[in-house]
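Enquirer: So you can see what is in the structure, the chains are spelled out below.
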Amino acid sequence: MNEFWEAKVKLRWAELADSYDVVVIGGGGHGLSTAYHLALRHGITKVAVIEKSYIGGGNSGRNTTVIRANYGIPEAVRFYQRSLELYENLEAETDRWIMHRVGGNWWLVHTEAGRRTEQARAAVNQAFGAKTDFVEPEVIAREIPGINMNPLGQFPVMGASLHHGGATARHDRVNWALAEGAMRAGVDIVQDVEVTGINTSGGKVVGVETTAGPIATETVVSAVGGHATRMADMVGVRLPIRTHPLQAFVTNHYERKFDPIIASADLGFYVSQTARGEMLGGAHIDPEPSYSRRAGHHFVNSIARNMVALFPFMSGLRVLRQWTGTCDMSPDYTPVMGVTPVNGFLITTGWGTWGFKAIPAGGEAMAQLIATGETPELIAPFALDRFARDRTLADRSSSGTH
Amino acid sequence: MRERFDSTHIVALPDALDRIEMDALDLGDGVIPMRFAPDELVLLNHTGPIDVDDSHAIVVPDGSWRGEWLDADTAALFLRAECAWSIPERRPAFAQGLVAGLPVKLWFDQQRTLIVIAHVRADDFAARLAPYLEAAR
Amino acid sequence: MAGSTFSYEGTAIDAQDGDSVLLALLRSGRRPTEGGPLCLAGDCPNCLCTADGVSYVRACQTAATGVTDVAPHPTTGEPPLPPFDETAVDITVDRRQADVVVIGHGRSGTAAAEDARAEGRAVEVVDAGEGVEAIGIYVGPHVVARTPNGTREIHAESVVVATGSSEIQPVVPGSGLAGIYTPRAARTVLDAGIELGTIVAVGDVDDETLSAASLDGVVAGELVRFEPAAGSSNVGAVVTKTADGEIATPCDTVIVGLGRAPRDMLARMAGPGEATIVGSAATAAPLPQCPNDGVVCPCSNVTMQQLDDVYDRGFTHIELLKRSTLAGTGTCQGGVCLPYLRSFLADRGESIQPAFTARPVARQLTLAEIGAGAHTSTAARTALDGLHRKLGAQMDRMGGWWRPWTYGDPDAEYAAVREAVSLCDVSTLGLMTISGPDAEATLQRLYPTDVSTIRAGRSRYVLMLDERGYVFDDGMIARRDDGTFLLTFTSGGASMAEMWIRDWSAGWGHDIRLLNQTFSTGAINVTGPRATELLTRAGITDPPPWLGHGKYEVAGIPCTIFRLSFTGEVSYELHHPLERSVELWNALSELGADLGCRPHGLETLLRLRLEKGHIIVGQDTDYDSTPRRLRHEWAVNFNSGEFIGRHAVLRTDRIPLDKQLLGLRFDGPPPIEGAVIWSGDEYAGAITSAAWSPSVEAGIALAWVYEVDGGFPTEVRATGPDGEPITGTVTSLPFFDPEGARARA
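Residue numbers (my numbering), protein chains in the order written: chain H, 1 to 402; chain L, 1 to 137; chain D, 1 to 745.
For the record, the hints were derived by calculation from the structure and aren't laboratory data. Every residue gets a Cβ at the ideal spot worked out from N, C-alpha and C, and that includes glycine. One should not assume that every hint holds.
Covered by chain D, according to a simulated footprint, are these stretches of chain L (three or more residues, beta-carbon under 8 Å) [stated by the list, open to error]:
1. 1 to 15
2. 61 to 72
3. 102 to 113
4. 123 to 133
Which residues of chain D face chain H? A partial, calculated answer using Cβ under 7 Å [said to hold, decoys possible]:
5. LEU81
6. THR87
7. VAL89
8. TYR138
9. SER300
10. PRO360
11. ALA368
12. TRP405
13. TYR407
14. TYR623
15. ILE655
16. LYS659
17. ALA675
18. TYR683
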C-alpha cells in the first residue's frame with residue numbers, strides 16, 4: 001500500500017441531459033474550476049462539463065505543478081496572487097489532500113541583465129502583493145543545497161529573485177477535488193464525449209453538437225487546451241494563439257530533502273522535488289509550434305546536462321519518465337479570458353505555461369462572469385479584444401521557466 | 001583551432017557561384033570551396049580579385065575563419081562522439097552543421113578532415129575538441 | 001577461475017564470469033530486496049539495488065564486473081538523495097548511423113538483422129542482455145541506449161523492435177515473498193548452479209524448466225496464494241485451489257508460469273512508420289485472469305483492494321486508475337501491472353482499454369547518462385575577448401555575446417569618454433551588406449523611412465517594425481558609393497533580422513544579395529572630445545562628417561568609419577576585418593595614451609547613452625512598443641510608401657495613448673531599474689533604465705509612464721535605492737547636451 005493513493009475523492013459520472021444553463025467544453029483544470037465555482041459560489045448547477053478523453057488528461061495533468069505569482073506586470077501579479085491564495089485554502093475548502101507545499105521559487109540569474117530583470121520582478125511583485133525579494137549570491141550559496149555557483153565556468157550565479165509564496169501541488173489531486181466538488185453540487189461531468197460543433201443563431205449560441213448527441217444551451221465556455229483555436233473556429237472566432245509543446249521529466253523517487261523550486265532561464269530549466277520524492281525537471285516551450293505530445297531527446301539531453309552542471313549531486317539520479325504537454329501561447333504571454341464577439345461563447349485560453357497555477361482564480365473569475373454577466377475586474381485586462389484595442393500585456397520574461 | 005584562414009567571401013547568383021566552385025581547385029594551391037548556400041560561397045585560402053559573373057555580387061575578403069586539420073582517425077573519433085548527422089562518403093566533400101554543439105564547416109579531402117569555425121566560436125570549439133586531440137596523441 | 005568481487009554491506013561478494021550482480025548475490029545466499037518474485041529479465045522491480053551510489057539499478061541487468069559497491073534497496077521508504085557534495089561523473093557518447101536498428105538479439109531480432117543485411121542495409125543491433133539497453137525511440141527515429149561505459153545514440157532509417165515478451169508476474173497474496181521465480185528466471189538461476197532447496201512449480205511451466213528443476217510436473221490447481229516460511233520473508237508453501245479444495249504444498253522455491261505479455265513498450269513509443277515489431281513482442285497475448293487479492297503494482301506497492309476502492313469511487317478510466325493509485329508509474333513503467341490493470345477493467349465490465357501511453361525512458365539511466373554529449377549554448381566572443389580579459393575586465397553575457405561590463409573603474413571609464421577619448425568594443429553589433437537590383441526596394445519596404453533620400457556616403461538611424469507596428473530592433477542604414485547598403489542592428493539582433501529580411505524579400509520576389517558580416521567584422525568605437533585628434537594621429541585627416549561614413553586605412557588596417565554617436569560625444573565607429581582587431585585596438589590605445597585614452601565597458605556605455613536618452617531595444621522597449629509610445633514618431637515617415645507595420649501604426653495612432661517612454665529626473669540616486677512608479681496612489685508605470693548622471697548631477701531614468709486620470713503625470717513617486725520615497729520629475733530628453741553640440745563637434 002502506498003501513501004499517495006487517492007483515498008477520498010468520489011467521482012459520480014453523469015449522463016448528458018438535453019439542455020443546460022452552461023456547457024463547459026474541456027474537463028481540465030480550468031473547465032472543472034469554472035464548473036466548481038459556478039455551482040459552489042453562484043448556485044448555478046445546471047452545468048455540463050464535456051471532456052473528450054478523461055478529466056485532467058490534457059495539460060492539467062501534464063504540467064510541472066508549480067504555483068507562483070512572481071509575474072512581471074501588475075495585472076498578472078494580482079491575478080496569480082489571488083490564485084496562489086485560493087490554492088493555499090483549497091485543501092480546507094474541498095477537504096481533499098492536494099499535496100500543497102510551499103517551497104519558494106528561486107529564479108537564478110547569471111548576467112547583469114538577469115539581475116536587472118529579477119530585481120524588477122521583485123519590485124513589481126512587492127508593489128502588487130506578491131512576496132518576492134532579490135537575493136545576492138551568498139544567500140543562494142548558503143540556502144540552496146548542493147548548488148554549483150559557477151556551472152560550466154560560464155554561468156556564475158549572480159543572484160536570484162526569491163518568491164516566498166512559490167508552491168507545488170499534485171495536479172491530478174487539484175483536478176479531482178474540483179471535479180468532485182462540482183459533481184456533488186449537481187454538475188454533470190462526462191468523459192469520452194467530444195464536442196463536434198457549436199450552434200448559433202443570430203450571433204448567439206443556442207447549443208452544442210456532441211458525439212453523444214445535441215445539447216441546448218445559451219452559454220458555452222471553451223476551456224480546452226491545445227486545440228483552443230479549433231474550438232473557437234467553430235463559431236468563427238479567431239484566436240491569436242499558437243500551440244507549442246513543452247517537455248518535462250521526473251527521476252525516480254528519493255528521500256525528500258530538497259525544498260527549493262529552482263529555475264534558471266539561462267540554463268533553460270527548472271527543477272523541484274515532488275511530494276513523492278521525484279526530482280522534476282522542465283524546460284522552456286519548444287520554439288516550433290506543434291500539437292505533438294511526443295517526448296524528445298534533445299530536450300532531456302540538454303536539460304539533464306545543465307541540471308547536473310548546476311547540481312552535480314544529481315548526476316547519479318535516474319530518469320524515470322519523460323512527457324510532453326502542449327502550451328497555448330498568446331503573443332503577449334498573457335491569458336485570454338472572457339467574452340467573444342459571439343454572444344454566449346466565452347473563452348478561457350492562452351494558458352501557455354501558466355495554466356495550472358491559474359486554475360482556482362481562472363475558474364472563479366469565469367464563473368463570476370457567467371453568473372453576473374459582468375467581466376470581473378481581475379480578468380478584464382485579459383480580454384480577447386485587447387489585441388484589437390492595442391492594449392496587450394507584455395510579460396515575456398515571466399513565462400520561460402516556471 | 002590553430003590555423004586562421006584568409007578567404008574570399010562571395011554572395012552572388014547561384015549560377016555564377018557554380019562556375020567558381022567547379023573550378024575552385026584550379027584557383028591556386030590549397031584553395032578550398034565551401035558552399036554555404038546556393039548564393040553564398042567562401043573560398044578558403046584565396047585572396048585577391050576574382051571574376052564573378054554577377055554585377056551585383058558581394059565579394060569581400062574574409063579572414064574570420066579558423067580551423068584545424070585532423071587526421072582520419074582523430075576525425076573519426078571526434079565526429080563519432082560529437083556529430084549526430086551522417087558525413088558524406090565521397091571525397092573531397094564539404095559538409096556543414098552542428099558538431100559539438102556549435103556550427104562548423106567540414107572539408108574532407110582524401111586523407112584528412114578540416115574543421116572550420118567562425119572566429120567568434122573558435123575558442124569554445126577548441127575547448128570541446130581538445131580532449132579528442134589529447135586522446136589521439 | 002577468473003571472476004570479480006564487489007562489496008555488499010561490508011562483505012566481499014565473489015562473482016563468476018558472466019554473472020550479473022543478482023546472480024552473484026544469489027550465489028552468496030543474499031538478495032538486494034527483501035523479497036519479491038524475480039524475472040531476471042529487467043521487467044520487474046524486485047531486484048533493485050544501489051550500485052556504486054546509483055539507486056534503482058536492476059541487479060539482474062547489471063554485470064558484476066565493473067561494479068565495486070552494491071547496497072540493498074531500502075525495505076521501507078525511498079533511497080536517500082546522494083550527498084549534496086557528490087561530484088558529477090562524465091559520460092561519453094558513441095554516435096552511430098544505420099539504416100536499421102534492431103532492438104533485441106533473440107531469434108526474431110537476429111533474423112530481422114540478417115534479412116536487412118542481406119538487402120545490403122547497414123544494421124546496428126542492441127540488446128540488453130549484451131549490455132546495451134535501449135532506453136527510448138525518439139523522433140527520427142533515433143535510438144538511445146545505455147552501454148556499460150556510456151551511452152549510444154543511433155540515428156536510423158527504421159527500427160525493428162524484437163524485444164520479445166515478458167513473463168506475467170503473479171498477483172496473489174504473498175507474491176512479494178522471496179523464492180518465487182518465473183520459468184525463465186528459474187532456469188537462469190538453476191543453470192548458474194544456485195541451490196534453491198525444495199522446488200515446486202505451478203501454472204503453465206514448460207518441460208525444459210521442469211527438467212532443469214528436476215520436477216516431474218506442476219502442483220495441481222490454480223494459484224491462490226503463497227505462504228511464508230515461519231519467521232521469514234521466504235516462501236514456505238504455495239497454496240492452490242483444486243476441485244477438492246485448497247492444497248498447501250511446502251517448498252523453498254516456487255516456479256510460477258502464468259504466460260507471457262508482449263514487451264512492446266519501445267514499439268509503442270515510436271512514431272508512425274518508424275518501427276516495426278517482430279517476434280513475440282508483436283504477439284498479442286490474452287489478458288491474464290483478474291486477480292482477487294495481492295499487490296498488483298510492486299513498484300508503487302498498489303494492492304488489488306486499492307484498485308477496487310478507487311474504481312468504486314469513479315476512477316474508471318485506465319489513466320485515472322493509474323493516476324489515482326500510482327500503479328504503473330514506477331521503475332517498470334507498467335511492465336508488471338499493465339496487463340492486470342486492463343484485465344481488472346475488463347472484469348468490471350468496462351470496454352478493454354488500450355495500454356497507457358508509452359514514453360521514454362523504457363529502461364532507466366542517470367541524469368549524467370541522459371545528458372551525455374550535450375553542450376550548453378555559449379556566447380560568441382569578439383576578437384578582442386582575450387584582450388579584455390587581460391585588461392582585467394569583468395565579462396558579462398549580453399545579447400548572445402561576451403562583453404566587458406567594466407574594466408574595474410567605471411567612474412574613470414565615464415570620465416575618459418566625457419573628457420578625453422575612449423575605446424569601446426562594438427564588434428557585437430549586427431552588420432550586413434545588401435546589394436542587388438531590388439536592394440533599395442527591399443529596404444524601402446522593410447523600414448519606416450524613405451531610403452531613397454539616404455545619399456551615398458550618408459547613413460540614417462532606423463527602427464525595425466513588425467506587422468503589428470511594434471519596434472523589435474533598431475540600427476543604421478548606410479548607402480555606399482557603389483550603390484550597396486550597409487545595415488547595422490542591435491547586438492544579438494542580427495540572426496533574427498537576417499531571417500526577417502530574407503523572408504520578406506523572398507516573399508516580395510525581390511532580387512537581392514545579402515551577406516551577414518556580424519561574425520566576420522570587428523568594430524571599435526572611438527569616442528570622446530579628443531576622438532578626432534586620436535584619428536588624426538592615426539593618419540585620418542579627413543574623417544567622415546556627422547552621419548557620414550567612408551573607407552579609410554587606420555594604422556594600415558582597412559576600416560569603414562561611421563560618424564555617429566551613442567555616447568553623446570564625437571564618435572567614430574571603425575568597422576574592420578576582425579582578424580586585425582587586436583592590432584587596431586593596440587595601435588589606437590598607444591596613439592591615445594597621452595590623450596587619456598582608456599576603454600569603457602557596457603556599464604559605462606549604458607549610463608552614457610541614458611544621459612542622451614537613447615533607447616536600447618529590449619531593455620527600454622517591450623512587446624507592444626509602437627513608435628508613438630517610444631516617442632520615436634520622428635523615425636517613421638509615412639510618405640515613404642508601404643512599409644511593414646505601416647497600417648498597424650496608422651491604426652493604433654488613432655487609439656488614445658495609454659503609456660509612453662519618458663525621461664525622469666531625480667534629485668538624488670534614482671530607483672533601481674524595474675522599480676514601480678506611482679502618481680498619487682495610482683500605478684503609473686515602471687522604470688526601464690536608471691543611473692546616476694555625473695554630468696547632470698541627478699538621478700536619471702527612462703520609464704514607462706501610464707496615463708492616470710486622463711493625463712500623463714509630470715511628477716511620479718518611487719522607492720529610492722535605500723527604500724525611501726523619492727520623487728521624479730518628467731523631463732524632456734536628452735538629459736545631457738540637448739543641442740547635440742558635443743556629438744557633432
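Enquirer: When the hints from earlier in the document are held up against this structure, which numbers fail?
Expert: Of the numbered hints given earlier, those the structure breaks are 3, 13 and 16, listed in rising order.
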